[in-house]
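*Asks:* Given the sequences, and given the hints that come with them, work out the whole structure.
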Amino acid sequence: MNLKTEVLIIGGGATGAGIARDLSLRGIPSLLIEKGDFLSGASGRNHGLFHSGGRYVVSDPEAARECIAENRILRKIAPHCIEETDGLFVSLPEDGLDFRNRFIQACEEAALPARLLSREEALSLELGLNPDLLSAVKIPDGAIDPFELVLANAKDAEAHGATSLLHTEVISLLVDGDRVKTVLAKDLLHGEEYLIEASYLINATGAWADQLLKLAGLRIAMALSKGSMLITNQRLSHRVVNRCRPPSDGDIVVPNHTVSILGTTSVRLEDAENFEVTPQEVFLLIKETSKMLPAIEETRFIRAYAGIRPLFQSGEKGDDRVISRGFVLIDHEKRDGIRNLITITGGKLVTYRLMAEKTSDLLCRKMGIDVSCTTHLNPLPGAEKPSGLKDRLKTLGKVETLCDCELVRRKEVEEVLREGKLKNLQDILHRTRLAKGTCQGGFCVYRLLGMLNELGLTEGNSNKILKGFLEERWKGIRPVLWGTSVKEEELIETIYKGILNITSAECRMRNAE
Amino acid sequence: MHYDLIVIGMGLSGLMAAKTAAEAGRKVLIIGKGMGCLTLFSNTIDVLGKIPETTRLRDGLSQWIQDHPEHPYSRVGLTGIEQALSSFTSLFKPPYSFQTIGDENCFLPTGAGTMRPTYLIPDTMVAGASSKKKKGLIVGFKGFRDFYAGYVAGPLNWRGVTLPIFDTPGQEISATALSRWMENESFRETIGREIIKYLSGETCVGFPAILGVNDPIKVKRDLEEKIGVEVFEIPALSPSIPGMRIFNRFKEWLIRKGVTFLLGHSVAKVSIKDKRCEGVYVFNPPVSNFYSADRFILATGRFIGGGLMADRERISESIFNLPVSQPGSQEEWFGKSFFDEHPIHRSGILTDSSLRPIAETGEPILENVRVAGTILSGHHSTDEKSREGIEIATGYWATKRAVAK
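Taken in sequence, the protein lines are chains A and B.
Using my numbering, you'd call the opening residue of the first sequence number 3 and step up by one each time.
Using my numbering, you'd call the opening residue of the second sequence number 11 and step up by one each time.
Hints in this document: simulated from the structure, not taken from any laboratory.
Being a predicted model, the structure only gives us computed values, none of them experimental.
There may be inaccurate statements among the hints.
Unchecked claim - Simulated DEER-style distance windows between Cβ atoms:
no., chain 1, residue 1, chain 2, residue 2, range
1, A, 281, B, 63, 38 to 44 Å
2, B, 342, A, 336, 52 to 58 Å
3, A, 276, B, 351, 23 to 29 Å
4, B, 342, A, 341, 54 to 60 Å
5, B, 76, A, 470, 33 to 39 Å
6, B, 288, A, 297, 34 to 40 Å
7, B, 143, A, 192, 35 to 41 Å
8, A, 161, B, 63, 55 to 61 Å
For glycine and all other residues, C-beta sits at the position ideal for the given N, C-alpha and C.
*Replies:* Right under this line is the structure:
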């Protein structure tokens, strides 16, 4: 099929969706293509910290200032995606107070509201903290739901005329002189091919930025850094807990919805596709974070996962427009002589909007039009009704619940299905909290498939889908299976392999002849 | 209080142990935290599903025993297993009895539309065993989240129908509630009328296994009369109503035989002297009671039952701290794929041929304790589809050996 668009955005992470929204509000039509679902890369695989800027205030004041400014904007335009928990930077005896003093000073310089708490004050705020701590600094960190945030951007973009093709991968870029002339893309689920003609292309593929550019015969120097995280089955603190020392492994615990997320590690990788959380990382994360919150030693974990940070290696060519050390925006016209191609990569979830704004500004300049950004003024869809756990609890026992861990109602899922365009199970799971709780979908995904069967929405073999899900789930669970989790795993295994007899061999189907 | 024999654990293996001891005329105490995995998983009696399809179970078992000398079945032996199974079936007199289909494994439909091998099945499920030759209708209930008629019916090329029960949509129903309602004649009347409307040439109707706890045969026959075609049950997810029927039958029989039944209690501590267990402390706040016995059967199950525990380094046994065969370090416990046979499941208590716990050197650890059920090492009961068979055989055999002297 042939498609034509003014702007083709490649990549459905926070940046790509943010650009689609920004352009749509400026009245510039765009098509976004993404090889998975929205948030399949780093946008959906981070610790969900709503940065106040504190984490960079000492090492990278410029990035910190960006965070502070964006933090204020997001509180206004996306209150429903944010929980304002506050954060503590905790000094342990082994850390000393040198870094803390620099930290407080840097906060002052960056106008980041920080308050020094005594040991007693800190312990009265967070009962679970290590009682040996020296002091803590309180800053306005929070938790953010990347799924809600990115999907709200995508939704708003669509409402303003943008379009998207999910599960569609770019296969080749045809360069003709100083332009990318056409893009060949393929629907990965159904095999359909698209020949796309676009006036401008934006490469917002994050860790895959270099791979995409290769298709046009270009390169950028990227390093891939794996960050691993662990999820606990409950919230261990009310506030984000950071270690007050130069950034290093296992120095943060973020409360997020019903869980806490322990992060992170940093391991250089060659491949952006195949990676897993290693036992060494699990050990390190528990060892380090439990120094701040000792209960972590005994806590039950429900999942381990990793994301890839796309690190741009700056200084490779004099001409790059390194906007900040946080993110990088490349006009390939200046750099490589390709007039209609822009790359945006690096950055953080919290600065996604700024990245989108800067990218769209550059695009407008290239297009020779003068419309300003309004994404910082217009609230995202959903902002008017912050959805609360309280509402879910009120309906408990009155309406059918599919996921007992996260109280996801059947109605909610039906609504998501009605909105359409969902192509596989993971798409549904991205759009609800289904399977994100303690059992990690052990119970509710069977129900979900049952429901899809009832509604006549399943195509092909449901058990194949179920098997795919169980394998995916397994990757996250296997690294943290001990203690109580082993009990649950025995239960889940006995249900699927035992009662339902779903085995690795193609399921035995003895049809009535 | 002193007993001849104390059984720790009230799952199928513990119940079999208590039955076997009671039949030998012993004074028995059975202590259980809960009803074991019976009410979670046991719909039918699996013995060894993992044998070629048309093999007689007896032949399959004897080959299995030859090939797997460390398996619990090899401790018990073919004769012991057969005696144990007939001891089990003798407890279930018609109308709710257990039967085999031609001494082979039979295949029952599952909640995911697959067919599953099992051995002994209750009369309520028999019609499902030959379902491939029939055309059937699967019935589910709106709001019952553990069974979806369409999901089951699809792969079988049958039809599924989901009946609404409530006037207000969106309500949830549990298996226990459904099975209680099923015992009510007017409820059956209502759903019977509904089902007739949907029947179109089908010769049988499959329900999830919720046809009553107390008298499922009566429920089945009455439904058949109302609908006009054969009715059968399909094993569903936990809780297992058929498992509850098994538990209730054991409980009633054991109490009638004078067995002391301590349900909802767990053993807090044991008293050991000279390689013998003298008795157990049952903590029931604020008091703790001591029960002594000559012999003990440990039948506490695996991780779900609480018999085994895993910290980040190793697996241990929770009551006697018996040696447990270790499947390496945590990263080796589980295979890369969910569907692998995970090494952790093979770990468990090592025993001698009479099911007494032994150290890795082979030396007996406690002379008057025997171990039964899935806590034993050397099996993959879920993958082998041998759970109930192992529980019945070892519960029976451990006790036979314990009371023999």
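*Asks:* Could you check the structure against the hints above and give me the numbers of any it violates, in ascending order?
*Replies:* none
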